[in-house]
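**Q** Produce the entire structure from the sequences given, and follow the hints as far as they go.
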Amino acid sequence: MKTTGIGTQETMADTKSHAQADAQVVTQIAPAKMTIAEVREKLDGKTGRRFWKNLDEMAETPAFQELMQNEFPRQAGAGEWVDPVSRRGFLKVMGASFALAGLAGCTKQPDEPIYPYVKQPEDLVLGKPMFFASAYPFPTGAIPILVKSDAFRPIKVNGNPEHPVSKGSSDVFTQSTLLELYDPDRSQRVRYRGQDSSFGEFQKALQDAAAKSSGGQGLYFLSETITSPTLASQWKALQAKYPQAKLVQWDPVNQDSSRAASKAAFGSYADAQYRLDDADIILTLDADFLSGIAHPGSLSLADGYAKRHTYEEGKKMNRLYAVESMPTVTGLRAEHRLGLKPSQIEAFADALVTGTAPSFLNAEQQKFFTVLLDDLKKNSGRAVVIPGEQAAPVVHAAAYALNTLLGAVGKTVVYTETVNPLPTEQNAEFKALVADMNSGKVKWLVILGGNPVYTAPADLNFADALAKVPVTAHLGLHVDETGSATTWSLNRAHYLEAWSDARAYDGTLSIIQPMIDPMYGGKSSHDVFQTLLDNPQASAYDVVVANAKNYIKGDFATGWRKALHDGWVEGTTFTPKAGVPARVASFTPSKPSTSGYEIAFLSDTSLYDGRFANVGWLQELPKQVTNLSWDNAALVSLNTMAELKAEETNLIEIELNGRKITAPILVAPGHPDGVITLHLGFGRGVEAGRVGAGVGVNAYKIRTSDAPYLASGATAKVVAGSFYDICVTKVHSNEHRGKFAQHDLEHPEYDNEGTYSLEGHEAMERSIIRYATVEEAEKNPDFAHTGASGTVVNKVGYGPQGEAPKKDESFFPDAWNYEKTDPSSLKIQNAWGMSIDMNTCFGCNACVVSCYAENNIPVVGREQVKVGRNMQWLRIDTYFEGDLHAPKAHFQPMACQHCENAGCEQVCPVGATVHSPEGLNLMVYNRCVGTRYCSNNCPYKVRRFNFLLYSDYETESLKFSRNPDVSVRSRGVMEKCTYCVQRIMSAKIQADKENREIRDGDIVTACQEACPTGSITFGNINDKTSKVAKRKATEREYSVLGDLNYRPRTTYTAGVINPNPELA
Amino acid sequence: MAQVFDRSSNALARMSLVLTGLIVIALGVALNQLQRSPWVTKQGQRPDQPIPFSHKHHVEGVGIQCQYCHVQVEKAAYAGIPPTKTCINCHAQIWTNADYLEPVRQSWATGASIQWIRVHDLPDFVYFNHDIHVNKGIGCASCHGRVDEMPLMYQENTLQMEWCLNCHRNPAANLRPTSEIYNMAWTGPSSDKPVWCGSTGKGGATANAVNCTEVDPNKAEVKPASFETGASSPASYQKFTSQIELGKYLTAQYHIRTPNELSSCETCHR
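For the protein sequence lines, the chains are A and B, in the order given. Note that the numbering used here has the first sequence beginning at 108, numbered continuously upward. Note that the numbering used here has the second sequence beginning at 45, numbered continuously upward.
Hints listed in this document are in silico derivations from the structure and should not be mistaken for laboratory results. Predicted model only: the values in this text are computed from it and were never measured. For each residue, glycine too, the CB sits at the ideal point set by N, CA and C. Incorrect hints may appear among the rest.
Restraint-style ranges between C-beta atoms, simulated for each label pair [said to hold, decoys possible]: (1) B/F172 to A/T893: 49 to 55 Å; (2) B/P94 to A/G661: 49 to 55 Å; (3) A/G678 to B/V170: 48 to 54 Å; (4) A/P228 to B/A136: 16 to 22 Å; (5) B/F172 to A/P228: 20 to 26 Å; (6) A/G628 to B/E146: 30 to 36 Å; (7) A/T1132 to B/K263: 45 to 51 Å; (8) A/N1033 to B/N210: 17 to 23 Å; (9) A/P577 to B/A136: 56 to 62 Å; (10) B/V170 to A/E882: 52 to 58 Å; (11) A/T1141 to B/L78: 56 to 62 Å; (12) B/G107 to A/G678: 38 to 44 Å; (13) A/T1132 to B/W83: 53 to 59 Å.
**A** This is how it looks when you write it as structure tokens:
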């Protein structure tokens, strides 16, 4: 809101002074109330099991108490406006808008035009979505997808449920590519030296250059990892025609370690396929295989892991050991986690092969080593070792050796040819390319995707080398750092706009088909390669079809249609390589310099290598484990933080080989000492676009080509007098830099020692999190209600009734009756409910992004997130447990619980939130006047309020992305999870038309659809044969805060873990 | 000090009090009336369309069935506005030179849509679904009026929430056999013109469940086809002489949800 144009100069000045005087600056958080030293002192000597939610719960302050009582901190007062507007100015402006609002209420709707088709496509039924199978080509392997399309406009990207690998699940990146497609900042035209040009002109220039060169001498292509077999065959054809032309593939985050190790072990590049369905013991060596598709085959691995991590009678549960540096969801979910420096992990992995524990381990870690090795050996043939892609080649080599040693090869792991058709060791090739560029050998450089000017190792000075090349071209989705530095900037077609193909984790080939005409006439790499081939006008479709003839068996027309329909080509799965990998001794653990810190560079769980920087959903998504949003930070352990004498509001300066960056610092629970983890993909300039510009710190600036993932000998120091306002979301309100979860059960509810955490207290005493070990669960299957080591019961409610108040003890007993017979069908009515399995949920965030897309949830921006106004209907609550240095974590998806006896409904003065006869807690936007009473009365804090006009009604391209079945909410309206009521209604209408009951499985909520492990079940709880009813009938089911008698419809299945008794 | 106000001003004061009250009431009534008036609801208004398309001519005169143009009314939320192609199907042969049809020819030649003005325009937060209404026995005319008698299209009803709820709270008042959905002139049964309905015993879609006829099945010379299947006999047919009786019967047969469910908010608002 701007004050410009209101009042005279004088009042403007008045406005300003007021803004300074009484408008609170809301985008900053108070510095931590306790220093790290004080916290450590308090923690000293404290033991016992405890839950806690945030490392920042460190000081007992009145401010924190206030925050805890306000769902939306500091929401009162005019000072909350983001733009500095004084109260007086605010009232003036509001007065004007009230007057306008009054008038607007009386005006009638404007006339709305209808634009019918001239010729309507034959199969189109407007208002009924269509689904098309395709695939998302990601460097680690394609993700098979099923795209929901409304009038040929893709509106949701889901996993392909019929695909043998993804089985319908997807992850945050795949889901977010939808917003990437509709990104308003995409490159929209071809430019030559800043002037508008055309792709035809470019083709001509490229053809001329190629013709003049001798056999393509000086013609270089720098591509991101090639995933398409068709593109590979095009390249082979091109190379046959121009033998001197060169192709370099390079991605800043690549699989070089695995490539190097597999080449040494097999003699040729190989990919590993793990079969976790068959694995009893899993060891990950810095492999975050659950968090998302950055790890190859993540969806398939998560599915396999979850299947075996389910507690069922007579089924053996798997056990996960994690040895890792940066705490990840995989490690925190593991039964046993050992946090080591990346360099130590190399030595640890190597030592596992030789069998002698490395000397740097302390007694406790030694024990971990021996017990782990013992457990692996005991379970030979049923154990598997997974190395992380960013881990050094020695770790991969050790994993090969261990898997051979454990008899895993052929059982729990198979090795196949690589998913990508032209595997290379990218870093070496890239280095050679830059050398060629500098020496003037490169006359023409065509960059196909990627953004090397931003991502290239700092020591290579890629931008300078690029300037030495006479003609450069960049094919990209954005005119990014690279696109603005090249002579030609070509607008690239998004993968949802173009034909291509790619292989999934198991080798299955998928055809990528366009879902929409290229919005800006973009072109793909296929078009660029084809330019130099014999038939330059052949389209991407032509070349994909031509290549498909090589692997589609039988009648091609039928096979092609089937491949497009199903989303994959039958019989293209890889066959495992014969033999076992050779033991390779040529790799040795790196010897880090003994002084200084190690720096670990990781791809970000939200932005990957920076390619998603302009995707608002991902920027705003609270990151796994750290819950950072719109920020990255130097992640360290508490000890390192103390060593640096830093607070979490400080900036630190990291110096590595003479290169410096300044980054905010944050403690990651469980992070090893002496290591600083930096996530890549942040700190982009204006070229990133309106969302990504200026977010976070660019870690590429200190990343060098010889140490792409792990560098040692860095120094770090606090920037004196620095203050950085880091953006962390926790329990919805961000600033609970409060208290620390150190208390025993007899601790008073409030204390002044600062060693008490409300969240920890609630999580434990009120049993928000419940779990037990396998032994306990076997002894006492009803542990979720009677207690176990991870479950405290009978403390709940602080009342005699405990967590199960009697149903009829209500003022409105009949209002709770959801077992009425429906007179229309003479059957028991529907009652919708959800069950979430805490055993298999590991907080990957896929559900949250799926919810974004399905429900038109707006992105609010950093400033608003900081004041607790993020709009995600679904959040993942992370509860850490135990020792600060080696915590466990529990991930709990939390959305509207659809309470039968909902508190929100009783306080709404206008009846905007009411109950449906089927038990849904409804939110009627057009009735809501924005009192926010409902939110105050919600114990789960799952309601979201549109404080400002968050929905973008202006940007044309974003309008395409909206789900037409869900209202776009305006300012002043409360909203929350609806159980995807639009999907319920459409299933209901379909069933009613066919005069039948809604079948179990007809309704799949968006979160359920995305979940890679099937943790979420939804359905009719009155139908006793439904999946959800069966799950709810199990003994482990519990409701969160059940003692409040709100009767939530969402319940959780208590987790069972399978720790090794020897390490207990 | 002398009295400022004369005695007579008492009456004036009283009157102004009463008047103020009356004005407030009048204002309330006026606003209430205003927001229900055709000025706001656009009821009965005929916007300027690019082509003065006459439903009366096409439906009553030519006898084209609704679904010839509104093809997806049984399949989707939108009934569908016909593409130019549908017009051209006939108007490539007849009235090929009519001035009125210039926009149609233009559209066909240029590929640009004919830009109609929406007559039945619900607010964007309302999710109306044609599909379920048509499949459950609500005829076109129930909401759109006698379209076959409208030379220019207009909105027959207010389309306000209270109007919707009138029916959602008592659907029986408007239900008709699915065979009569597109019958513009259907008036419901009366003692002069009774309707006989019987269950066909078939499962599946609503239209298969019930068979209705305006000819007494016990006397009819040509029996309705469903008798042949043996699933029902003329004797099993019930006679209805009033809409409400028939409505109640169809409510049960068509499994119409209860008023409680039909008037729940999520039915129309999401």
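**Q** Can you let me know if the beta-carbon spacing of B/G107 and A/G678 is within 38 to 44 Å?
**A** With a Cβ separation near 55 Å, B/G107 and A/G678 fall outside 38 to 44 Å, so the hint is violated.
**Q** Quick check on a hinted range of 52 to 58 Å for B/V170 and A/E882, using CB atoms only.
**A** At roughly 56 Å between Cβ atoms, A/E882 and B/V170 fall inside 52 to 58 Å, so the hint holds.
**Q** For the hint 49 to 55 Å, verify it against the beta carbon of B/F172 and that of A/T893.
**A** Since the Cβ atoms of B/F172 and A/T893 sit about 51 Å apart, the hinted range of 49 to 55 Å holds.
**Q** Please check whether B/F172 and A/P228 have a Cβ separation lying inside 20 to 26 Å.
**A** 24 Å, holds
**Q** Is it true that A/T1141 and B/L78 lie within 56 to 62 Å of each other by Cβ?
**A** 58 Å, holds
**Q** Could you see if the CB distance from A/T1132 to B/K263 stays within 45 to 51 Å?
**A** 48 Å, holds
**Q** State, for the Cβ atoms of A/G678 and B/V170, whether the hinted interval 48 to 54 Å holds or is violated.
**A** 50 Å, holds
**Q** Do the beta carbons of A/P228 and B/A136 sit within 16 to 22 Å of each other?
**A** 20 Å, holds
**Q** Confirm or reject the claim that A/T1132 and B/W83 have a C-beta distance inside 53 to 59 Å.
**A** 55 Å, holds
**Q** Regarding B/P94 and A/G661, is the given constraint of 49 to 55 Å on their beta-carbon distance met?
**A** Holds - the Cβ-Cβ distance for B/P94 and A/G661, about 52 Å, lies within 49 to 55 Å.
**Q** For the hint 30 to 36 Å, verify it against the beta carbon of A/G628 and that of B/E146.
**A** 33 Å, holds
**Q** Given the range 56 to 62 Å, decide if the beta-carbon distance of A/P577 to B/A136 lies inside it.
**A** Hint holds: Cβ distance 58 Å, inside 56 to 62 Å.
Comparing the model with each earlier hint shows a violation of hint 12 alone; every other hint is respected.
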